[in-house]
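Heads up: the sequence shown is residues 1 to 180, going by this note's numbering.
Source of the hints: derived by calculation from the structure; they are not laboratory data. Hints are not guaranteed to be accurate.
[Claimed, not checked] Quick list of in silico lysine-lysine cross-link-like pairs, DSSO-like style, CA-CA up to 30 Å:
no. : residue 1 : residue 2
1   : Lys45     : Lys89
2   : Lys131    : Lys45
3   : Lys41     : Lys58
4   : Lys32     : Lys96
[Stated by the list, open to error] Label pairs and their in silico Cβ distance ranges:
no. : residue 1 : residue 2 : range
5   : Lys41     : Lys131    : 18 to 26 Å
6   : Glu146    : Lys115    : 17 to 25 Å
7   : Pro104    : Asn155    : 42 to 50 Å
8   : Thr65     : Lys131    : 48 to 56 Å
9   : Lys41     : Lys126    : 36 to 44 Å
10  : Lys78     : Lys41     : 37 to 45 Å
11  : Lys32     : Arg11     : 40 to 48 Å
Where is the CB? At the ideal position from N, CA and C, for every residue including glycine.
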Amino acid sequence: MKMAKYRKLGRTSAQRKALLRSQVTSLLYHGKIVTTETKAKEVRKIAEGLIAMAVREKDNFETVTVSAKVPRKDENGKRVKEVVDGKKKTVYDEVKKEIKKDSPSRLHARRQMLKVFYPVKEVPVKAAGKKKNTKEVDMVAKMFDEIAPKYVNRNGGYTRIIKIGPRKGDAAMEVVLELV
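With these hints in hand, go ahead and build the complete structure from the sequences.
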């Protein structure tokens with residue numbers, strides 16, 4: 001008997017990839033999702049791989065101090081300009097900043113994660129439906145800073161599937177897929 005490497009989920013490859021990407025993103029953003037058993041098993045494979053990668057590369061960076069030229073701004077946020085030889089030129093200040101410099105392997109892990117994650121927007125509860133105050137969530141940073149530290153002493157098995165019974169419409173087994 002020949003075993004398949006993955007489930008096709010009755011979709012074309014593009015639809016299947018989009019479905020799995022969105023479910024993995026939701027799982028890692030919210031911590032748990034409700035889906036069918038077969039989808040959950042596929043999503044789990046991808047999610048566990050990403051978490052393992054994040055755990056492996058969590059501390060693989062060095063902190064570097066860099067100096068940058070930043071334009072000086074007035075109280076309204078406009079750039080301050082001064083006249084030099086009859087031309088207006090922006091005034092720059094030298095600023096020292098601490099940045100995290102990824103090692104090559106962590107950079108590779110970051111890019112592998114970005115291949116999977118969809119962009120996530122965080123919408124405040126009060127202003128639901130408004131474009132204002134929504135902010136982009138950096139899912140890769142969340143993986144390295146929040147999710148990976150939880151699983152440092154754990155060898156795999158980062159997710160759990162709990163059956164919640166058949167769905168009313170088509171009797172497909174529904175499950176909760178959650179991060180342990």
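Which of the numbered hints are not met once you compare them with the structure shown? Violated hints: 1, 2, 4, 5, 7, 8, 10, 11; rest satisfied.
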